[in-house]
Amino acid sequence: KQEVTQIPAALSVPEGENLVLNCSFTDSAIYNLQWFRQDPGKGLTSLLLIQSSQREQTSGRLNASLDKSSGRSTLYIAASQPGDSATYLCAVPQGAQKLVFGQGTRLTINP
Amino acid sequence: DAGITQSPRHKVTETGTPVTLRCHQTENHRYMYWYRQDPGHGLRLIHYSYGVKDTDKGEVSDGYSVSRSKTEDFLLTLESATSSQTSVYFCAISESGGGYTEAFFGQGTRLTVV
Numbered sequence: 189k190q191e192v193t194q195i196p197a198a199l200s201v202p203e204g205e206n207l208v209l210n211c212s213f214t215d216s217a218i219y220n221l222q223w224f225r226q227d228p229g230k231g232l233t234s235l236l237l238i239q240s241s242q243r244e245q246t247s248g249r250l251n252a253s254l255d256k257s258s259g260r261s262t263l264y265i266a267a268s269q270p271g272d273s274a275t276y277l278c279a280v281p282q283g284a285q286k287l288v289f290g291q292g293t294r295l296t297i298n299p
Numbered sequence: 463d464a465g466i467t468q469s470p471r472h473k474v475t476e477t478g479t480p481v482t483l484r485c486h487q488t489e490n491h492r493y494m495y496w497y498r499q500d501p502g503h504g505l506r507l508i509h510y511s512y513g514v515k516d517t518d519k520g521e522v523s524d525g526y527s528v529s530r531s532k533t534e535d536f537l538l539t540l541e542s543a544t545s546s547q548t549s550v551y552f553c554a555i556s557e558s559g560g561g562y563t564e565a566f567f568g569q570g571t572r573l574t575v576v
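Protein chains in written order, with the numbering used here: chain W, 189 to 299; chain E, 463 to 576.
FYI, nobody ran anything at the bench for these hints, they're computed from the structure. Owing to the predicted nature of the structure, the values given are computational and were not obtained by experimental measurement. One or more of the hints may lead you astray.
One side only, chain E facing chain W, incomplete, derived with CB under 7 angstroms [as the list claims (entries may be wrong)]:
| # | residue |
| --- | --- |
| 1 | Leu507 |
| 2 | Tyr510 |
| 3 | Val514 |
| 4 | Gly559 |
| 5 | Glu564 |
| 6 | Phe566 |
| 7 | Gly568 |
Below 30 angstroms or equal to it, Euclidean Cα-Cα: the simulated DSS-like pairs (lysine-lysine) are [to be verified]:
| # | chain 1 | residue 1 | chain 2 | residue 2 |
| --- | --- | --- | --- | --- |
| 8 | E | Lys473 | W | Lys256 |
| 9 | E | Lys532 | E | Lys473 |
| 10 | W | Lys256 | E | Lys515 |
| 11 | E | Lys532 | W | Lys256 |
| 12 | E | Lys519 | E | Lys532 |
| 13 | W | Lys230 | E | Lys473 |
| 14 | E | Lys473 | E | Lys519 |
| 15 | W | Lys189 | W | Lys256 |
| 16 | W | Lys230 | W | Lys189 |
| 17 | W | Lys189 | E | Lys473 |
| 18 | E | Lys519 | W | Lys256 |
| 19 | E | Lys515 | E | Lys532 |
| 20 | E | Lys515 | E | Lys473 |
Sample of chain E residues with no beta-carbon within 10 angstroms of chain W, all distances over it, derived [stated by the list, open to error]:
| # | residue |
| --- | --- |
| 21 | Lys473 |
| 22 | Leu483 |
| 23 | Glu521 |
| 24 | Tyr526 |
| 25 | Ser545 |
| 26 | Ser546 |
| 27 | Gln569 |
| 28 | Thr574 |
Ideal placement from N, C-alpha and C gives every residue a C-beta, glycine not left out.
Okay, chain W solo, but in the shape it has when bound (with noise of 0.2 angstroms):
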């Protein structure tokens, strides 16, 4: 059974910081990982994709990196801004069907 662990539960960061969030997994046998971001009272927006091909993937001010070996990805946000604050999830798949997700990442940059 698949199971997702992101550490730290909560972050506060000043503005304009680099941050790493970090998510790890228990089946290195996955086909991709997938980030995304939740507002309070939101849904999930997705992130960023990656593949099991690849090792990371860039948007904007975002890039991920996954290590399957290790079982293993973080998503990396540079120059943060308050607008970044929100909780961060991450999720891999589990069969045919579904996706597990972490706890999620509650991420909070401070004007």
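Chain W is already provided as a structure; the job is to place chain E on it using the hints.
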């Protein structure tokens, strides 16, 4: 943003009443999913569909049923609502199953059972 609309966005209902939540997509994706999100449990799959009239159970399917009569619509029914079904419900879509392709989520339906 992916074209996913959930309705209603908020609902309060009484214990024992049936409730139907609707998910409508404009992306023509084959796969549709219903998840619930609860503090301490994260997101859990209720049911999913891999085509019109093709559905299957997820990990927390007891007390729920689904139907998909058209590609664009996926309905989730709580047959007799209980307080334990108070939750936020999310619909998701993807072109293929198994996590091969990117998943997109709706804005959620907040359901309160009193």
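Each hint tested on the structure:
For Leu507 (chain E), the suggested interface contact is upheld, since its CB lies about 4 angstroms from the closest CB of chain W, less than 7 angstroms. The beta carbon of Tyr510 (chain E) comes within 5 angstroms of a beta carbon in chain W, closer than 7 angstroms, and the hint placing it at the interface holds. Taking 7 angstroms as the C-beta contact cut-off toward chain W, the hint placing Val514 (chain E) at the interface is violated, the least distance being around 17 angstroms. For Gly559 (chain E), the interface hint holds, since its Cβ comes within 7 angstroms of a Cβ in chain W; the closest pair sits about 5 angstroms apart.
Proximity of Glu564 (chain E) to chain W holds as hinted, the smallest CB-CB distance being about 5 angstroms (cut-off 7 angstroms). Checking Phe566 (chain E) against chain W by beta carbon gives a least distance of about 6 angstroms; that is within 7 angstroms, so the hint holds. With its C-beta approaching chain W no nearer than about 5 angstroms, Gly568 (chain E) sits inside the 7 angstroms limit, and its interface hint holds. For the given pair, Lys473 (chain E) sits about 41 angstroms from Lys256 (chain W) by alpha-carbon distance, which is inconsistent with the 30 angstroms threshold.
Between Lys532 (chain E) and Lys473 (chain E), the direct Cα distance comes to roughly 24 angstroms. Compliance with the 30 angstroms bound is thereby established for this hinted pair. Between Lys256 (chain W) and Lys515 (chain E), the direct Cα distance comes to roughly 36 angstroms. Violation of the 30 angstroms bound is thereby established for this hinted pair. Proposed proximity of Lys532 (chain E) and Lys256 (chain W) is contradicted: the alpha carbons are some 38 angstroms apart, above 30 angstroms. With a C-alpha separation of about 19 angstroms, the suggested pairing of Lys519 (chain E) with Lys532 (chain E) holds against the 30 angstroms cut-off.
Of the pairs offered as hints, the one joining Lys230 (chain W) and Lys473 (chain E) holds, with about 16 angstroms between alpha carbons and a cut-off of 30 angstroms not exceeded. For the suggested pair Lys473 (chain E) and Lys519 (chain E), the alpha carbons sit about 24 angstroms apart, so the restraint of at most 30 angstroms is met. Annotation: proposed proximity of Lys189 (chain W) to Lys256 (chain W) holds, straight-line Cα distance about 16 angstroms (limit 30 angstroms). The straight-line distance between the Cα atoms of Lys230 (chain W) and Lys189 (chain W) is roughly 29 angstroms, inside the 30 angstroms bound, and the hint therefore holds.
Of the pairs offered as hints, the one joining Lys189 (chain W) and Lys473 (chain E) is violated, with about 34 angstroms between alpha carbons and a cut-off of 30 angstroms exceeded. At roughly 28 angstroms between alpha-carbon atoms, Lys519 (chain E) and Lys256 (chain W) fall within 30 angstroms of each other, so this suggested pair holds. Distance restraint check for Lys515 (chain E) and Lys532 (chain E): the Cα-Cα separation of roughly 8 angstroms lies within the 30 angstroms cut-off, and the hinted pair is therefore satisfied. For the hint pairing Lys515 (chain E) with Lys473 (chain E), the CA-to-CA distance comes to about 26 angstroms; that is within 30 angstroms, so the pair holds.
For Lys473 (chain E), the requirement that its beta carbon stay farther than 10 angstroms from each beta carbon of chain W is met, with the minimum near 15 angstroms. The claim that Leu483 (chain E) is not at the interface with chain W holds, since no C-beta of that chain comes within 10 angstroms of its own (minimum 14 angstroms). The Cβ of Glu521 (chain E) does not lie farther than 10 angstroms from every Cβ of chain W; its closest approach is about 8 angstroms, which violates its non-interface assignment. Chain W leaves Tyr526 (chain E) outside its interface by the beta-carbon criterion, the shortest separation being 15 angstroms against a cut-off of 10 angstroms.
No beta-carbon of chain W is positioned within 10 angstroms of the beta-carbon of Ser545 (chain E); the least distance is around 21 angstroms. No beta-carbon of chain W comes within 10 angstroms of the beta-carbon of Ser546 (chain E); the shortest separation is about 20 angstroms. Not every CB of chain W lies more than 10 angstroms from the CB of Gln569 (chain E), the least distance being 4 angstroms, so the non-interface label is violated. Distance to chain W confirms Thr574 (chain E) as a non-interface residue, since its nearest Cβ pair spans about 14 angstroms, more than 10 angstroms.
Violated hints, listed in ascending order, are 3, 8, 10, 11, 17, 23, 27; each of the other numbered hints is respected by the structure.
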